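S.K.: Note that the protein sequences, when read in sequence, are chains A and B. Counting from 14, one number per residue, gives the positions in the first sequence under my numbering. Counting from 48, one number per residue, gives the positions in the second sequence under my numbering.
Some clues are possibly wrong.
[What the hints assert, rightly or not] Taking CB as the label site, the calculated pair distances span:
no., chain 1, residue 1, chain 2, residue 2, range
1, B, 323, A, 28, 46 to 56 Å
2, B, 149, A, 83, 45 to 55 Å
3, B, 324, A, 24, 52 to 62 Å
4, A, 195, B, 323, 34 to 44 Å
5, B, 107, A, 195, 27 to 37 Å
6, A, 207, B, 163, 50 to 60 Å
7, B, 110, A, 46, 47 to 57 Å
[Unchecked claim] Listed next, the in silico DSS-like pairs over lysine-lysine satisfying Cα-Cα at most 25 Å (straight line):
no., chain 1, residue 1, chain 2, residue 2
8, A, 210, B, 85
9, A, 203, B, 942
10, B, 752, B, 801
11, A, 203, B, 96
12, B, 682, B, 635
13, B, 649, B, 698
14, B, 682, B, 642
15, B, 931, B, 942
16, B, 96, A, 210
Calculated from the structure, these hints are not laboratory results. As the structure is a computational prediction, the values presented were derived from the model and not from experiment. Beta carbons are placed, not taken as given, at the ideal position from N, Cα and C, and that holds for glycine.
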Amino acid sequence: MSETSTVVADELAARMRAGNEDALATVFSTYRERLRRIIQFRMDYRIAGRVSDSDVLQDTFIAAAKRLPHFSKQKDIPAFLWLRLLVNQQLIDVHRQHLQAEMRDVRKEVSLQPRHTSPYTSMAIAVQLVGALTAVSEVVARAEHIAKLESVLNQMDDVDREVIALRHFEELTNLETANVLEIQPSAASKRYLRAMKRLSQTMAKIQGSQDGEDS
Amino acid sequence: MNHDDRTHNEAITPTYHGPAPTKRDDADLDQLAEEFSKAIRQGHSPDIKEYASRYPEDADQIRELLESISLIEGFKRANTPVAESNVIQPTLTQLDDYKIIREIGRGGMGVVFEAIHQSLGRRVAIKVLANNLLGDSKHLTRFRREARAAAKLRHTNIVPVFGVGSSGNHHYYVMDYIDGMSLHQWLGFIRQDRSPEAATVDAFSTNTATDTEIEDSPMANDAIQPNLEVPRFQDTAAYQRWVVRLGISMADALHYAHTQGVLHRDIKPANLLLDRQSTLWIADFGLAKLAEQQAVTATGDIVGTPQYMPPESFDGTYDIRSEVYALGLTLYELLTLQPAIEGNGTADIIRNATKGISALPRKFNPLFAPDLETILLKSLAHNPENRYPSAEQLRNDLECFLADRPIAARRVSTAERVIRWSRREPKVAALTFTTFGLLLALASVSAVGFWQTKEALNRAQVSEFTANQSLKLRTSALQVAEEQRGLAEQNLLIAIAAFNEVMENISRRGIEPGAEFLAEVTDTTSPNVTPQDAELLNSLLGFFDELGRNNSKDLLEESAIAAKYAGDICLRFGDLQKAEASFNEALKRTVEIAKCEPNETKHVVTQAAILNELAMITGLRGKLRDADSIFVQTKTLLQSCPDVMTTEEGKFHYAIAHRLVASHSTRIGLDEPDLKPRAGRPWLARRALNHEPRPQLEKAWTALKECIEVLNDLVQTYPEEQQYRAELARAYRDKAVTASLARRRVDAETAIQKSITLFNDLLIANPTLDTIRYELALTLSSTETFNMEYMRRSFRANELSLELLRKSPDLPHYQALHAAIHTALAMRQMRIGNFESAERIWNEVLVVYNSLIRSSPDVILYERRYCDVLESLAELKVREGDYKAAQQYLERAIKRLQLAMRRSPNSPIVRLQMRRLTQQLRRHAESQKTQEPENSPKD
Chain A
14 MSETSTVVAD ELAARMRAGN EDALATVFST YRERLRRIIQ FRMDYRIAGR
64 VSDSDVLQDT FIAAAKRLPH FSKQKDIPAF LWLRLLVNQQ LIDVHRQHLQ
114 AEMRDVRKEV SLQPRHTSPY TSMAIAVQLV GALTAVSEVV ARAEHIAKLE
164 SVLNQMDDVD REVIALRHFE ELTNLETANV LEIQPSAASK RYLRAMKRLS
214 QTMAKIQGSQ DGEDS
Chain B
48 MNHDDRTHNE AITPTYHGPA PTKRDDADLD QLAEEFSKAI RQGHSPDIKE
98 YASRYPEDAD QIRELLESIS LIEGFKRANT PVAESNVIQP TLTQLDDYKI
148 IREIGRGGMG VVFEAIHQSL GRRVAIKVLA NNLLGDSKHL TRFRREARAA
198 AKLRHTNIVP VFGVGSSGNH HYYVMDYIDG MSLHQWLGFI RQDRSPEAAT
248 VDAFSTNTAT DTEIEDSPMA NDAIQPNLEV PRFQDTAAYQ RWVVRLGISM
298 ADALHYAHTQ GVLHRDIKPA NLLLDRQSTL WIADFGLAKL AEQQAVTATG
348 DIVGTPQYMP PESFDGTYDI RSEVYALGLT LYELLTLQPA IEGNGTADII
398 RNATKGISAL PRKFNPLFAP DLETILLKSL AHNPENRYPS AEQLRNDLEC
448 FLADRPIAAR RVSTAERVIR WSRREPKVAA LTFTTFGLLL ALASVSAVGF
498 WQTKEALNRA QVSEFTANQS LKLRTSALQV AEEQRGLAEQ NLLIAIAAFN
548 EVMENISRRG IEPGAEFLAE VTDTTSPNVT PQDAELLNSL LGFFDELGRN
598 NSKDLLEESA IAAKYAGDIC LRFGDLQKAE ASFNEALKRT VEIAKCEPNE
648 TKHVVTQAAI LNELAMITGL RGKLRDADSI FVQTKTLLQS CPDVMTTEEG
698 KFHYAIAHRL VASHSTRIGL DEPDLKPRAG RPWLARRALN HEPRPQLEKA
748 WTALKECIEV LNDLVQTYPE EQQYRAELAR AYRDKAVTAS LARRRVDAET
798 AIQKSITLFN DLLIANPTLD TIRYELALTL SSTETFNMEY MRRSFRANEL
848 SLELLRKSPD LPHYQALHAA IHTALAMRQM RIGNFESAER IWNEVLVVYN
898 SLIRSSPDVI LYERRYCDVL ESLAELKVRE GDYKAAQQYL ERAIKRLQLA
948 MRRSPNSPIV RLQMRRLTQQ LRRHAESQKT QEPENSPKD
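Just chain A, with the same shape it has in the complex (with noise of 0.2 Å):
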């Protein structure tokens, strides 16, 4: 972000603490993308078909608009967490309302807390990252390939898992990143950095071995 693009969010932020809503609704337009593929990434494939992300983004503003007295009060956190944390409440709520039924506990399968991640992180990163791999002749290939860059993914520390997802899903800089995870961003750094390798090369692998089917 350059700096006359933060000194306007700090002043956007600022009038939403005093409970502005027309800052909130700038605001919300500006991260309205963002957010919108943080939901696209984080909602369950069992409700994408049920419950549209418009849906979702329409009711994280409705609740901004109510808890906008909370934000005043929270003073170190940017606007885009904020508004990040109340999507993924929206998140919860729905993935409690549509699920339920389904599973006694939502949660064991569908974490969205930021603090700690679930084996679902992994497996939607891993079916974005290899699901582009392929075409459709390849599909079985792909579901070992799936399952092997999972189980990378689920080897991987919990917070260095959520790093890449944090980086490259929901698309947040490494200061929020830092933020979110309430880690030094310096920690943060290392993190990212150390995960990313270790993805690397799980991934290298995977091409060379699918290069090697393609030829």
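Start from chain A and add chain B according to the hints.
M.R.: The following block gives chain B in isolation, referenced to the frame of chain A:
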């Protein structure tokens, strides 16, 4: 993969200027990564080399990092078409001549709007395709061509396509607006709340578009009472007929499209719409192919589609039969409310999709109509060759089902199905005992109630003339009887369904040593068939008898089957007496049934099958002469019905009978406890001296020749029937045994080779069938006498028997096999001087035989083998010079034999063995006197 292209094509360099080749720290690298990611997200293709050049010392590390970032970001971009299209589409109000009214759904392929075609004034649905779907002109041309083909389709169950168009950079697809919902949504509602009233109201409050990712915004103002009469799911028969009617529409529409040369390629509940008149519409013709190019990458489609993909499509094969399969999957889901293919996550779903369905529809509903299940299973055959060759034929069978006409699909026999299944799905769910007991109790109670009421009705009829009062009585009795009858019939159906399930479970789990049907002899991974199962079946007998007495022949048949299975189970657990009794019951009932239908050949075949079982059991109990007379009975029965002898089953049982008689003939004199008294002691003694008992080898030889001839013929005529091969392999094994007894070594070796080859091939084809493993081990271990390749074979036999015991440690015949193989191994150890290991093995074998004797006290063979082992141990001790221990073993053996003789006092073979042991003991006692006794074994 094209991430390289992306990174090298255009080198738009973001903000960084001027090289600063310095040392970096993590924060610098991270900043680099952030910058790089941002550039990609903005649509640039930043140059990795340029970034790497900033910190030359870490160039490799940077390259690696940035390449994977570019990979991730690249995938992500390809994966989020919706997000891209969203940027513009919310503002869309007009597309050419179409006025956009509202968005009704969005999916991986784009957004669907409700719109008005202004010049025609009609309501349409417009699918605006995500831009990235038609990225290059080749795709666009193709999309147009496909859509044109789809637009030509005119069928009452296909959503009419009006055309395609483009406006600005939007490409769209115009179709009729269907006021209803997709079956996907419908299923969602039904599953959530199984009351269809609630479901339909809710469901119709949402208007429909055609993709999985439809939003279900409950707009109260739009809620209109549906004009849809859907039977309740719980009302199985009516509901099934309703679904079948939908299926007919789908199949008909698909068939029409196929005749027009159009494949849908993406049949799934989300693409099937139900309007308010309960008419079914197939949507999205011509779009799937388009989606295919990108679908795999679109998040929604990855997770949505594999579930409905036929197995062969994963290999890139897709034709009419694949659509039949997809239609079958949809019907399956509608009928059971369970997705036919499920999985834990995408990878798992894909894996399962390639395997095909794993649960019979009946599993979810015991009342599932068998014919309908047959139709479904044929549509869902894993191999396209086994499916309906066209949607038309599927439709025809569905119509037959609706009209209660016989369907064309042949019910795959339990045998075939079990084999196919066991190949794919070795796990077998065990039936819960209590559920069944409950059902049974329920059924018998209401059935008895029915008969009692019926009697009351009869009494009422008699007294009808006597008084006016009786008329009332009669009416009310009639009513009660009607109700009771309905209840009884329903419960009876449940009982029969449950019974069939028990049978299937048993037949899937269970095997019997001389099983005549390979199919009933499948895997025993969960050997949960217990003596209690036999008890259960026996209690069922009474139930079926009770009902069968009241004129139902079918029930008599069920009861015969139950008796037969009870026999099988008892046999498995070594209770020969009970088994024999059960088989006799089965025989009695079958004879009774045969009397009702004298012309029905199958009853004769069944009788022959049961007689063969009886012959085998009688043989196992050592009553070889009785077994022989059963053989004569079987042969006479079969030959008295020339019709039967022309059928394959008739021939098959004829062959089995011959093999059994041959096997018994070879054992006469060796294995029988009850020899006729006239044989006398002197004769026995002579035989014992010659050490050559005289089995009737000639007779066995002739019978086996006949048997093998018939079986060879069967195998050639029906090469696909594995049970014939298995039986042939058994016959060759018996032939080998006979030949070796007759000292015809070459014949023996040839026959054993054939048997091994046959069983080996069968095992390769059916790796999950433990019976074959067992039979192969048996064959391998019966080579002992020939001493050719002996070691190799006995090792293999040992491996196989260990495998079997690992899975089913409790089955007596596995244990016996294992014990026999080990006895032979120990003998070998002793011969090469490995006394310690021989002794250890024999002691283990003794434990096995002990438990076998406990579970099957009838089998005199186990008792003798036990004593044989003791005798071998005595011999071992003599070799070690430990005469005292040898003497103890012999005394133990004699004690055992005395006990055995008390049970079968007339067994000459036991007497012979006894005499031999006593003599040995005496000899040892003498040698002990002459030599110094030694208590510690030598090395």
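S.K.: It remains to establish, for every hint, whether it holds in the given structure.
M.R.: Evaluation of the provided hints:
1. Here the CB-CB span from residue 323/B to residue 28/A is close to 49 Å, well matched to the stated 46 to 56 Å.
2. Checked against the hint of 45 to 55 Å, the C-beta distance between residue 149/B and residue 83/A comes to roughly 34 Å, which is inconsistent with it.
3. A hinted range of 52 to 62 Å holds for the C-beta pair residue 324/B and residue 24/A, which are about 58 Å apart.
4. With their beta carbons about 54 Å apart, residue 195/A and residue 323/B fall outside the hinted range of 34 to 44 Å.
5. Between residue 107/B and residue 195/A the beta carbon distance is about 33 Å. The supplied range of 27 to 37 Å therefore holds.
6. Hint check: residue 207/A to residue 163/B, Cβ distance near 57 Å, so the stated range 50 to 60 Å holds.
7. Between residue 110/B and residue 46/A the Cβ separation comes to about 30 Å, which falls outside the hinted range of 47 to 57 Å.
8. For the hint linking residue 210/A to residue 85/B, the alpha-carbon distance of about 19 Å falls within 25 Å, and the restraint holds.
9. With a C-alpha separation of about 80 Å, the suggested pair residue 203/A and residue 942/B falls outside the 25 Å cut-off, and the hint is violated.
10. For the suggested pair residue 752/B and residue 801/B, the alpha carbons sit about 14 Å apart, so the restraint of at most 25 Å is met.
11. At most 25 Å may separate the alpha-carbon atoms for a hinted pair to count; residue 203/A and residue 96/B meet this at roughly 23 Å.
12. Simply put, residue 682/B and residue 635/B have alpha-carbon atoms about 18 Å apart, close enough for the 25 Å limit, and the pair holds.
13. For the hint linking residue 649/B to residue 698/B, the alpha-carbon distance of about 12 Å falls within 25 Å, and the restraint holds.
14. This hinted pair checks out: residue 682/B and residue 642/B have alpha carbons roughly 19 Å apart, not beyond 25 Å.
15. Between residue 931/B and residue 942/B the alpha-carbon distance is near 17 Å, which keeps this suggested pair within the 25 Å criterion.
16. Distance hint between residue 96/B and residue 210/A is fulfilled; the C-alpha atoms sit about 18 Å from each other, no more than 25 Å.
Consistency with the previously given hints fails for numbers 2, 4, 7 and 9, ordered from lowest to highest.
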